[in-house]
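Student: Letter by letter, the chains look like this.
Number of protein chains: 2
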Amino acid sequence: MNTFVVIGGDAAGMSAASKAKRDDPDLDVIVFEQGKWVSYGACGLPYYIKGEIQSLENLVSVTPEEFREERDIDLRTGHKVIDIDPDERVVTARSADGETVQDYDSVLIATGAEAVTPSIDGLDREGVYTLGSMSDGKELREYVGRARSEGELQQPDRGPACQFLETCNGPVGIVGGGYIGVEMAEALAANDFEVYLFQRGNHILKTFSEATSETVVEHLREQGVAVYLNAQVEVLDGEDAVEAVVTTDDCVPVEMVLVGTGVRPRTGLAEAAGITLGETGAIATDSYRETNLADVYAAGDCAEAEHVVTGEPAYVPLALTANRHGRAVGQTIAGTPTEGGGVAGTAAVKAFDIEAARTGIIDHDEAQKAGFDPITETIDANSRAGYYPEGGTVRVTLTADRDSGRVLGGSLVSEYGEGAVHRSHALVAAVTEGVTVDEFSDYDLAYAPPFNTTWDPVLTAAKVLGGRLN
Amino acid sequence: MNTFVVIGGDAAGMSAASKAKRDDPDLDVIVFEQGKWVSYGACGLPYYIKGEIQSLENLVSVTPEEFREERDIDLRTGHKVIDIDPDERVVTARSADGETVQDYDSVLIATGAEAVTPSIDGLDREGVYTLGSMSDGKELREYVGRARSEGELQQPDRGPACQFLETCNGPVGIVGGGYIGVEMAEALAANDFEVYLFQRGNHILKTFSEATSETVVEHLREQGVAVYLNAQVEVLDGEDAVEAVVTTDDCVPVEMVLVGTGVRPRTGLAEAAGITLGETGAIATDSYRETNLADVYAAGDCAEAEHVVTGEPAYVPLALTANRHGRAVGQTIAGTPTEGGGVAGTAAVKAFDIEAARTGIIDHDEAQKAGFDPITETIDANSRAGYYPEGGTVRVTLTADRDSGRVLGGSLVSEYGEGAVHRSHALVAAVTEGVTVDEFSDYDLAYAPPFNTTWDPVLTAAKVLGGRLN
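Here the protein sequences line up with chains F and A, keeping their order. Under this note's numbering, read the first sequence as residues 1 to 470, first letter to last. Under this note's numbering, read the second sequence as residues 1001 to 1470, first letter to last.
Incorrect hints may have been included.
Claimed, not checked - Simulated pairs of lysine to any residue, SDA-like, Cα-Cα distance not exceeding 20 Å:
1) F:K36 x F:R76
2) A:K1206 x A:A1190
3) A:K1050 x F:R384
4) A:K1206 x A:T1117
5) A:K1463 x F:R22
6) A:K1463 x F:A272
7) A:K1050 x F:G386
8) F:K463 x A:P1389
9) A:K1463 x F:K463
10) A:K1138 x A:D1024
11) A:K1463 x F:K36
12) F:K80 x F:V90
13) F:K80 x F:Y288
14) A:K1138 x A:Y1288
15) A:K1463 x A:S1404
16) A:K1080 x A:R1264
17) A:K1036 x A:N1002
18) F:K463 x A:R1022
19) F:K50 x F:D121
20) A:K1463 x F:G132
21) F:K463 x A:P1337
22) A:K1206 x A:A1115
23) A:K1463 x F:G122
24) F:K50 x A:P1389
25) F:K50 x A:R1264
26) F:K463 x F:A370
27) F:K50 x A:T1117
28) F:K138 x A:T1117
29) A:K1463 x F:Y288
30) F:K36 x F:E88
31) F:K50 x F:G224
32) F:K36 x F:S55
33) A:K1080 x A:S1055
34) A:K1463 x F:S404
35) A:K1138 x A:G1127
36) F:K138 x F:E255
37) F:K50 x A:G1386
38) A:K1036 x A:T1117
39) F:K463 x A:R1264
40) F:K50 x F:G132
If you're looking for bench data, these hints aren't it; they were derived computationally from the structure.
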């Protein structure tokens, strides 16, 4: 019997294991997961901490028991793989019961990503959190629960940011204005914390367009979040526990800090086995996710993927890619070689009452490095027919190559429910298929007054940008 | 000076006039419109009748005065063109002041569509309405207003369909379950009418998938609309005014009937001028919308357009195509030949608390006629992450060609606000670009828990259909 070993039991790993076993029931599929959770929706953690999801278990799409019993996968939680030996074709795993040596015919490295540790003093103080794992989520929820019950007793008056709130907790600091930072600002503010968000540069959600970023900042401020741009955090100061966020310019008293300054691929195991990393620092693979070692694959947040616009390797650690590439590897292992496609760098985020999405290449430096001559246009358009009783504004940023007219990327933001995210689907397709702005503006998109103007905002953006190109 | 004559002042006509004049200010642009309204959003009429839009003027995007004064277009309302003479290159228009003969260098026929007259007796009775024009909309709104004030006085008890309503008007009949029929069911029910909807076949919204259609029928019934399927309406009976809808099986007492059994292209003027019609009965054009007569163009609801899937001429009279093709003709006339793209047959509709969209080719007969071997799959998927506190279900129907795997078309339905319509944008792109279901399922669409599951429902549909093809 053929043996497929999977290292890491989250999105990529469990997608691969499930697909391989389903397509080839004779395959022996063994998954080593160092923790106790598998196949969990880490993207849901901010909503759990916010209090909208009652239990961590709710985030688990398939339980360990289901994988074992219904899907017949040999899932070994509490097993950390410490070595891959490609010559002997074995992996060694360590658990509370000692070491296991397991031979393999093929192996998938799906070790995911880990939080970047920024160069800030005081990261080890009590009250400093990160949000990368289920147990991080549990701790943050417990913190919120404790502070909430105290806050409800004390009802302190903590200054201007609290003016909208009946009770006020905090103050708390968030270092980093990425997805986690923005989503956690919402989660903490919803629990009546006074929230201070620190962003190193002047551009939160930095892969989104400047126009989107500015819109989100404005909205966060309207919601009472104190956003500090160009804020270089140097120290998380305090006696034992954290008491202040110290930047080059300010010192803001806080009772808790969440550090969300991005992630990096977890590649130590792969490097030790002689696996090549790419320029991005993540594991390099071919289009089938195979590494430089035969029969050793890598997928998900530890690996690169080719960008649909540039064709070059990129590191975009997000859930859909992990699922898709994991599934493709499973299908390949089961006998049907499957590529699983590239990445467009698509992402979506909700921030209080607005939503935003981005895809492709928007940044001009990045576009120029890839050989394009970028041009960008941002438009505001009604989200529904102007005469329709409901509706808001969709702000669309579109970037194209001046020479070819090719759509390179875009970014959208709207009120929550006005469709910035779902409307981005059309842009993903345009970016993936390499169409020009003129071709894109000819797309026969759905129209009815409750959903858009006759020209959907994305088409209007293409029309306006097209006008600047012609 | 060059003279561009436009016949018809709605979407296609005014888009062409505006674009041509904007791109070439030296052009003499003359528009003949037989009515008094131009550039109006007929798609908004159901919402005006419903009472959500207060004035007909709100539906007008640009007023006649703005066209004349700001855009410098010679707009002549109240002028009906009665003849095009391609040899003399003149058109003749009739108005209250007599006849005008106008020479042209190029002319656009944008005469739109008119309501189909079904073979039903009694269409001329009082209380029988259609909804094709602004004045139709005005009459219907007045009817609703009158009935409403009576109903509020009388508060009659009109049987089971009224059980949810505090007051009840009607009963009223709607003949035809297309967009107009469905949107007007909502508009009339919102005004407390007891609504009876009659559909000839068993499939309302007949270009949508059966699964979508069934979902909409079920929802209409939940909302208290009595839907009669396979109902062949023979007579609208009554003394002077209409009093009953008589089908082969039933006789339903009504006080008003709206007939919405589709539209046909208004082609009399073109035919008389020797212009060729296509097999669909609409005006045949090339990809630049030029007819068989040199410098005579046709666009919008009176003309054909090439279907992006089949490449063959199709008749899909909808607003976006009219706008897009009108604009393309304007650009061509102004010196930049522009095709304006084909049609995918995309459409969207809101029905009470659900929304639906469709695109491409779904019907198997139609697919087979175009040389495909169609296969269809329908799936239900969560509209947001399963653990997210809000959300509903998106039902996606996807049709592909068995041999090539090419996505031919799709249909989606969800609760209103759960994104069936905006999610269809991705499908329009897939259909337009001719991608396979496997390629489509690899699209890197935006994901975050408040907006979808990791695989957006359209990707899940592609994955499932792909599994049946491989």
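Student: Are there hints from earlier that the structure breaks, and if so, what are their numbers?
Tutor: 2, 6, 8, 9, 10, 11, 13, 14, 17, 19, 20, 23, 25, 26, 27, 28, 30, 33, 34, 38 and 39
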